Each structure stands twice: as structure tokens, then as C-alpha cells.
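Kindly produce the complete structure, drawing on both the sequences and the hints.
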Amino acid sequence: MGRITLDKVVKRFGDVEVIPPLDLTIEDGEFTVFVGPSGCGKSTLLRLIAGLEDVSAGEIRIDGKPATDLPPAKRGLAMVFQSYALYPHMTVRKNIAFPMKMAGLSQEEQDARIKKAADALNLTDYLDRRPGQLSGGQRQRVAIGRAIVREPAAFLFDEPLSNLDAALRVGMRLEISELHERLKTTMIYVTHDQVEAMTMADKIVVLRAGIVEQVGSPLELYKNPRNLFVAGFIGSPKMNLIDGERAKAHDATHIGIRPEHLKIVESGGTFTGKVLVSEHLGSDTFFHVKVDGLDEPMTVRAGGEVNMRHGDTIHLEPVSEHLHRFGPDGLRIA
Amino acid sequence: MSTQHSRSAARLMMAPAVIVLLAWMLVPLTMTLWFSFKNYLPLRGGDLGWTGFDNYARFVTSSAFWPSVYATLVIVGGVLVITIFFGVLLALLLDQPFWGQGVVRILVIAPFFVMPTVSALVWKNMFMDPVNGLFAHLWRFFGAEPVSWLSEAPLFSIILIVSWQWLPFATLILLTATQSLDSEQLEAAEMDGAPPLKRFWHIILPHLSRAITVVLLIQTIFLLAIFAEIFVTTQGSFGTRTLTYLIYQRVLESQNVGLGSAGGVYAIILANIVAIFLMRIVGKNLDT
Amino acid sequence: MARAVSTRRKTLTTVAAWAVGLLIFFPILWTFLTSFKTEATAIADPPVFLFFDWTTENYSVVQERSDYMRFLWNSVIIAGGSTLLGIIIAVPAAWAMAFVPSRWTKDILLWMLSTKMLPAVGVLYPMYLIFIQLGLLDTRIGLTIVLMLVNLPIIVWMLYTYFKEIPGEILEAARMDGAGLKEELLYVLTPMAIPGIASTVLLNVILAWNEAFWTLNLTAASAAPLTAFIASYSSPEGLFYAKLSAASTMAIAPILILGWFSQKQLVRGLTFGAVK
Chain A
1 MGRITLDKVV
11 KRFGDVEVIP
21 PLDLTIEDGE
31 FTVFVGPSGC
41 GKSTLLRLIA
51 GLEDVSAGEI
61 RIDGKPATDL
71 PPAKRGLAMV
81 FQSYALYPHM
91 TVRKNIAFPM
101 KMAGLSQEEQ
111 DARIKKAADA
121 LNLTDYLDRR
131 PGQLSGGQRQ
141 RVAIGRAIVR
151 EPAAFLFDEP
161 LSNLDAALRV
171 GMRLEISELH
181 ERLKTTMIYV
191 THDQVEAMTM
201 ADKIVVLRAG
211 IVEQVGSPLE
221 LYKNPRNLFV
231 AGFIGSPKMN
241 LIDGERAKAH
251 DATHIGIRPE
261 HLKIVESGGT
271 FTGKVLVSEH
281 LGSDTFFHVK
291 VDGLDEPMTV
301 RAGGEVNMRH
311 GDTIHLEPVS
321 EHLHRFGPDG
331 LRIA
Chain B
1 MSTQHSRSAA
11 RLMMAPAVIV
21 LLAWMLVPLT
31 MTLWFSFKNY
41 LPLRGGDLGW
51 TGFDNYARFV
61 TSSAFWPSVY
71 ATLVIVGGVL
81 VITIFFGVLL
91 ALLLDQPFWG
101 QGVVRILVIA
111 PFFVMPTVSA
121 LVWKNMFMDP
131 VNGLFAHLWR
141 FFGAEPVSWL
151 SEAPLFSIIL
161 IVSWQWLPFA
171 TLILLTATQS
181 LDSEQLEAAE
191 MDGAPPLKRF
201 WHIILPHLSR
211 AITVVLLIQT
221 IFLLAIFAEI
231 FVTTQGSFGT
241 RTLTYLIYQR
251 VLESQNVGLG
261 SAGGVYAIIL
271 ANIVAIFLMR
281 IVGKNLDT
Chain C
1 MARAVSTRRK
11 TLTTVAAWAV
21 GLLIFFPILW
31 TFLTSFKTEA
41 TAIADPPVFL
51 FFDWTTENYS
61 VVQERSDYMR
71 FLWNSVIIAG
81 GSTLLGIIIA
91 VPAAWAMAFV
101 PSRWTKDILL
111 WMLSTKMLPA
121 VGVLYPMYLI
131 FIQLGLLDTR
141 IGLTIVLMLV
151 NLPIIVWMLY
161 TYFKEIPGEI
171 LEAARMDGAG
181 LKEELLYVLT
191 PMAIPGIAST
201 VLLNVILAWN
211 EAFWTLNLTA
221 ASAAPLTAFI
231 ASYSSPEGLF
241 YAKLSAASTM
251 AIAPILILGW
261 FSQKQLVRGL
271 TFGAVK
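Protein chains in written order, with the UniProt record's numbering: chain A, 1 to 334; chain B, 1 to 288; chain C, 1 to 276.
Hint data in this document are derived by calculation from the structure and do not stem from the laboratory.
Predicted model, so just to flag it, every value in this text is computed and none were measured.
Among the hints, erroneous ones may be present.
To be verified - Here are the simulated lysine-lysine pairs, PhoX-like style, with alpha carbons at most 20 angstroms apart:
hint, chain 1, residue 1, chain 2, residue 2
1, C, K182, C, K164
2, B, K284, C, K106
3, A, K203, A, K184
4, C, K116, B, K284
5, A, K101, C, K116
6, A, K74, C, K182
7, A, K101, A, K74
8, B, K284, C, K164
9, A, K94, A, K65
Claimed, not checked - Residues of chain A placed beyond 12 angstroms of chain C at every Cβ, according to the derived structure:
hint, residue
10, G14
11, T25
12, L179
13, A252
14, G293
15, P318
16, H322
Said to hold, decoys possible - Looking from chain B toward chain A, a few residues come up when the C-beta cut is under 8 angstroms (computed):
hint, residue
17, T3
18, Q4
19, H5
Ideal Cβ placement from N, Cα and C applies to all residues, glycine included.
Written out as C-alpha cells, the structure is:
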């Protein structure tokens, strides 16, 4: 079981309130991702849940039981750190065994769990090596192994993939998702990478400056961003956000159109401009377009076979049902 | 970045170190300050009452004061110049590839591990003795009159001994700093057509400036306090009485504790002035 | 610098470096050689370098006449004891400052360093008085305590810089894994810091061994370590170079060997981390 409830949790460093009163519930078995730009308080929030930081006010409950004043060791959570934080003086086997040793498990039980974890994570051949002799991906697996054997109420991941190279990152992303499918344990995952958030999460919590901007499933966030910030943060390439006269025409302060919701038309169209750069990815083509009267270039997603070059004139028409409108307070207008 | 629990544990664990050092600093320092305002002669009447700033005035007006300041400045300055100049040269030399780097490094560093009393005595007797010293042999070999080093060139002799002890320290630190110089930077300068001397002046020396400052400050603090080297060679005669040695003599030899304590307060102030600069550098390094 | 260097240049550098190295090392070498000469050979003119009748007589004479072993033992006790005591006090303090830094940590560290810069002579008489009052004058325990205090700032600093290199996340991982403070220090921090602690010990043994202000001024006969033993040779009594050399060799040999092992740490320890 691993239902985690935050009730009016506040964190202050000195006089600085990094997390203003915050309520959040993470359901048992849910894969929750905290996402936001660096400095948004997502790691602090994770560390509060872990018990590595004290909350300044409010309450944290794990499975209904108050955990606010429990030391990290007593919360029954496991954490995978950004730097993996393996014990360099211990072999892989000893690293994985350490939490069980601390918990006083019998040797047979320890061996059984190590074997199971090593099989699941392809670490069997490396059990007697030290972390220094492993690659980044292998170290990551050891860190996960060390977390699994505790059979925790929830796993906490603090940007676990940011130290891996791009190719490895995609692979590990899948492995962690698979792990979640298999274990069905609550996982809280912190990242600044919205692609990781979109691909892995059951539930995304978008944070900015310690404030929860929106909570929802990846598609909810994508389809109905609650405000300008979420609209700009979720989705890749970013949503085109336009203010001024063109927004006023829609009774809004800002309008937003995702690159895939702009149609290239032969002539006319709402937006006309010149292609600045075209990026051919094979399956898709992205055009960055300088539109007359707009400061920022617009991004358009087209099919892989569309071929336009720098300087070509392009006419664009938004798909009206996918047009997002935002009011003067930045909130979405329904 | 921590919890209440770990913070209180931390305070508890820091307490012993802080308390002993606080006592070590405050108790004797307070006593020195106390004595410095007293006319206190343990062997000639003991505590003869308060004298205000008399000791401070007498210490700086005594005939021994200015010569001791001079001796201190010459010794500290001389050793600093020698160790840093040759230290930079040696660091550059030892940084080049050559056969037996490890062994030579060990040879160069060795003097630093020789206890001050040993190096002073060895130099005094086996090298500088006007009759049997190696220098005397050497001088006679060239038909020159042997020099009585410690009485004829006392400051130079002490500078030589102390420099020999501290050159390894300067060399080692400057060598460490040299090795941290990015070789790509030098190669870029070479590509830009800078000749070796220019490369030294514009790239190597600025890179070493921080290490040089550190050597300068740390050595100054230690050199201001040199004692054993003078104690076993000249006992402060022939104009080698430094400030430290003068205070030592006032306190323990002539047992004028009040006067010596006033001198001690001067020494403490002097050391602190140097220390402030060192702390700035070290403190800056802490922030990274 | 991974660059190919011409053999000619390397040869020249080798000659120069060895020449300088031997020149700097010469006084030690000469002392070592002289310790195996007779007193007459020791002052022979022209000096004899290698070809003389080697004798170990000086060593036994030094031991017999001045009880070298007692001074050696005092040095070992004082240097070892003060370092051990310092480590015991410094490890927790350095842990606290490295891993639970507070607003005050930097100031405390710098203040500790500043106590190291207090000129000893400035507090000579008070220490003398305190030692007499407490009956510590010329005792090993008294000197051990003073040298511990003198070197404690360096010990704290060195350990602090070593501990700083251990990522805090590893200790947090231990906490997440269920380790309490005791287990964290015992199973994770200490094993990881062993090399750092070892070099700290090494450097401080050297510093305490060679300390020559307090050891000269606070001891007389019974607690005097090797520094004071050697200083007693400063009064010239006839021909004694060979014996002086033997005594000197015995006084510096142990620490020279330790010193060579600790040369890397020397930089860190003596510059308080300002040069690495």
C-alpha cells in the first residue's frame, strides 16, 4: 500500500517560502511525476516526502498514518538519486543488501531478494563488482535494485535519468515504466523533462515556484492546460502563444495553438509568413515561421513529405476546435 | 538542507572541538592581555600592580625593539623572496617530463620533514662552522679565508637555513598548481604564436598567482614565529633577535612578564593582520 | 601534458632536475654519511665522501650516553597521542560541518583556522603558568594536549575537505535505506573516508613530531621529545659531528619515511584546501 497525502505542507528556508501551503494526494499504485523548470521546488517536495527535509508546517501521511515527524528510515520509502548514490566501497551485492541489513533481515531472505532483483535487472553477472567498475546504466539499475529489495510503500525517483546519455535514457525510461507495470507500487518521479513526464506518468503534477499549477493525466494536461504556464510547458515542440490584436479577435489576452494544429494552406490563412528553418525528421517536418506582426517565430508540424525551404512563403490556418484561449490572469477561458 | 534531528546532532558533534579551541584561544589570550597591563616580575617582587599602557610603550621604545623588527623583516622577507622565486623555477622544472620524476620529487621535498632543531644544528656545525664546516673546507680549497657564517653574516645564514626548510613547501604547492594548468590553454597560446617567455608571463604566472599568494601568506605566518632555528644557532645574538625571540627572552630569560606580554599582544596583532588576508582567500574558496 | 618531448630535451631536463634535487637533498645525505664516520673522518679536510671505514659505533654511543630511546618514545607518544586525540575530536566536528552546514559553518571553520595563527610566543607565559598550576610541566600528557590543540584546526580542516568530497546524496541514501546516525557514520562515511583520515593522521604526526616551540619550552628532562634531545647538542663539546649526525639521522629517519608517503596530502593540509 502506498497512498501519500500532503496536507497544507509548507517549506521555508529561513525567510524564503519555497513551498507555500500545498495539498496533494498520490493514490496507491499511481505513477506520479513532478515536473517543472529547475528551481520550482519539485525536488524539495520529494525530499519532504522522503523525510530528508523537515516540513515547516502541515502534515504528510503515508497510508493514512502521520509520517511528518518520522525519520527517513522509518517511512518505508525507497529513493533513487540523481547521482545514484551507490556506496563506492561496497560491491553491488552489498549495496543491494544494505537496506535489508539495516532492517535486520535474515541472510537467506537477503540472498533470495538479491537474486530476484539481480535477475529482473540483468545484474547477476555484476554482483561482485564495485560501482566504480560499472557503466552509468548499470549503476542506475543497481540503485533501482537497492530500492526494490526493500519492498517499499513507494519509490521516489529524483531525476534519475539526467546523468545518462540520450540513447540510454530512452531505454531506462521504458525499464522504469515496465517495473511499475510489474510491481504496481506507488512511484513518485521528479524530472524537468516534460517528455519523461508525458511518457511515463499516470498523473502529472506541474510545479512552478512551489505552487501546483495543474494536476492531471498527461492527456488532460495536453488537451486542457489550465493556464498559460502549463500550456507552454507541456508539449514538444512548444505551443505557439500569441498575444495582442490577434488574441483580442478571439476575446482573449493570449491564444495558443499547438504546432500540429496548424494547417498549411495554399493561400489566405490566418497567418502568413516566411520559413526561417525547416527541420526534417523523416516522419515529421517542423517549420519555424516568421509571421508578419509577431515577434516570436511560430512552429508548425507538417508531414514528412512536405518540402519548403528557407525564405518560402507559407500560409497557416489553425484548427479552430484546438485553439486555446487565455484571459488576462493567464487562466484558460473555457 | 537537513532536518531538525540532524541539525541538533551536528551541534552536539561540533561542541567538543569548538569548546576546546575556544578555551585554548581565550584563556591564555586573556591572561596575556591581563599581564600586559601589569608590572609583573616573577623573580623580582612578583606582581607590582597595574601600569596601564606602560609596558606597551616600553616595549616599542626599548633599544632592542627596532633591531628586532629589522631582523624579523629581513628574515621573513628574505626567505619569502628566495622560496617563492626558486619555488616557481623548481615547479616549472619538475613539471617537465624527465627520467626519475618520483625520486627527484622526494629528494626536493625531504628538507620539509626535517625537524627544525636538526636542520639548524646540521647547518650550523657541519656546513657553517668556520673551522670544520664544509663551507670552510670549500673556501680553503679555493684559497679563501673561511667565513664565520653565523657571526659575520648571521641574518644571511639564518635565511639560508630557513629557506632550505621552506623551499620544498613552496615548490610542492606551486608544482601542484602548475599541474592543474590546462595544457590546452598553453597549446592555444603556442598556436597564437606566443614565445615561451611570454607564455610564462601571461599564462603560467597569472595561473600561479593564487598559489603564490597562499604560499606567501602561510609562510609569513609560520616565519613570523620561527624559534628553534634561532634558539639552537645564535640564541638571538649578532642581530638575529627577531620579534618572537625578543618576546621569548623578555618572558622566560629576563622574566619580565608584563613587558613580554605587551610584546606578545603586538605579535598577535601582527599575525592577525596577515591572517585576515589569508582567511579572505581561504574563505572565498569555501563558497565554491 | 601528454605531449611528445624530444629525447634531447628530456635528457637535459633530467640532468638539471637531478642536479637540483641532489643539491637540495645534500645536507640530509651528508648527515647520513657522516653518522657512519669516526669523529676524525667526519671533520677531515678534504672531506671524505663515500670511501671511509663505515662504523655504526656512533649510534650505540648516542643511545648509551643520552638514552635516545627515551626521547624517541616521548616523541612517539606525544605525536601519536596528540594526533589520535585530535582525530577523535575532529571527525564528528568535520562530519557536522561538511554534511549539516549551517549559516555559521564557514565562520566557525575560519575561526578555527585563526586559532592556528595565534603566535605561540604571545601566550607562552600564560601556558607556562597554567602548566605549573596543573602540574603538567614536563609531562607527556601536557605536551600531548598542547600539540593536539595546536594542530586541531588543521585536522578539522583536512577532514572537512575530504568529507566534502563525499557526496551528501550517499549519506542520504543510507538514511533512506534505514541507517541511523550511528550506522551512517560507521558503515558508510568512515569506510569512504579512510584514505582521507589516514592522510590526515600522517600529516599531523609529522607536524607534531617536528613541533619545536612548545616541545622546547614546556619540557625539561622527563617528557622531552627528539626536538629537545637534538637541541641539547647545540652546546659544542669538542668533536662530535659524527654523533650529532647519528642522533639527527635517528631523529628524522622515521618521519622522513612517513613524510614521503604524505606528500600529496601535505599540500591540501597546509593550505587549508586553498590549493588542490
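We went through each hint and held it up to the structure:
In summary, the hint linking K182 (chain C) to K164 (chain C) is supported, as the alpha carbons are separated by about 19 angstroms, within the 20 angstroms threshold. As the CA atoms of K284 (chain B) and K106 (chain C) are separated by approximately 10 angstroms, the hinted pair is consistent with the 20 angstroms bound. Restraint check for K203 (chain A) and K184 (chain A): the C-alpha separation of about 14 angstroms stays at or below 20 angstroms, so the hint holds. For the hint pairing K116 (chain C) with K284 (chain B), the CA-to-CA distance comes to about 19 angstroms; that is within 20 angstroms, so the pair holds.
In summary, the hint linking K101 (chain A) to K116 (chain C) is not supported, as the alpha carbons are separated by about 43 angstroms, beyond the 20 angstroms threshold. For the hint linking K74 (chain A) to K182 (chain C), the alpha-carbon distance of about 15 angstroms falls within 20 angstroms, and the restraint holds. Proximity of K101 (chain A) to K74 (chain A) is assessed by CA-CA distance (about 15 angstroms); at most 20 angstroms being required, the pair is judged to hold. The hinted pair formed by K284 (chain B) and K164 (chain C) meets the criterion: a straight-line CA distance of about 16 angstroms does not exceed 20 angstroms.
For a cut-off of 20 angstroms, the pair hint linking K94 (chain A) to K65 (chain A) is broken: about 31 angstroms separates their Cα positions. Consistency note on G14 (chain A): stated as away from chain C, yet its beta-carbon is not over 12 angstroms from all of that chain's, at 8 angstroms minimum. Taking the minimum C-beta to C-beta distance to chain C, about 22 angstroms, the non-interface status of T25 (chain A) holds against the 12 angstroms cut. Distance to chain C confirms L179 (chain A) as a non-interface residue, since its nearest Cβ pair spans about 18 angstroms, more than 12 angstroms.
The beta carbon of A252 (chain A) is kept farther than 12 angstroms from every beta carbon of chain C, the shortest such distance being approximately 45 angstroms. The claim that G293 (chain A) is not at the interface with chain C holds, since no C-beta of that chain comes within 12 angstroms of its own (minimum 50 angstroms). Remark: the non-interface label on P318 (chain A) is consistent with the geometry, its nearest Cβ contact in chain C lying 46 angstroms away (cut-off 12 angstroms). The claim that H322 (chain A) is not at the interface with chain C holds, since no C-beta of that chain comes within 12 angstroms of its own (minimum 43 angstroms).
The closest approach between the C-beta of T3 (chain B) and any C-beta of chain A is roughly 5 angstroms, which is under the 8 angstroms cut-off, so the hint is satisfied. Interface hint status for Q4 (chain B): upheld, as the beta-carbon distance to the closest one in chain A is roughly 5 angstroms, under 8 angstroms. A hinted interface residue such as H5 (chain B) counts as satisfied when its beta carbon comes closer than 8 angstroms to some beta carbon of chain A; here the least separation is about 6 angstroms, so the hint holds.
Hints 5, 9 and 10 from the earlier list are contradicted by this structure; the remaining hints agree with it.
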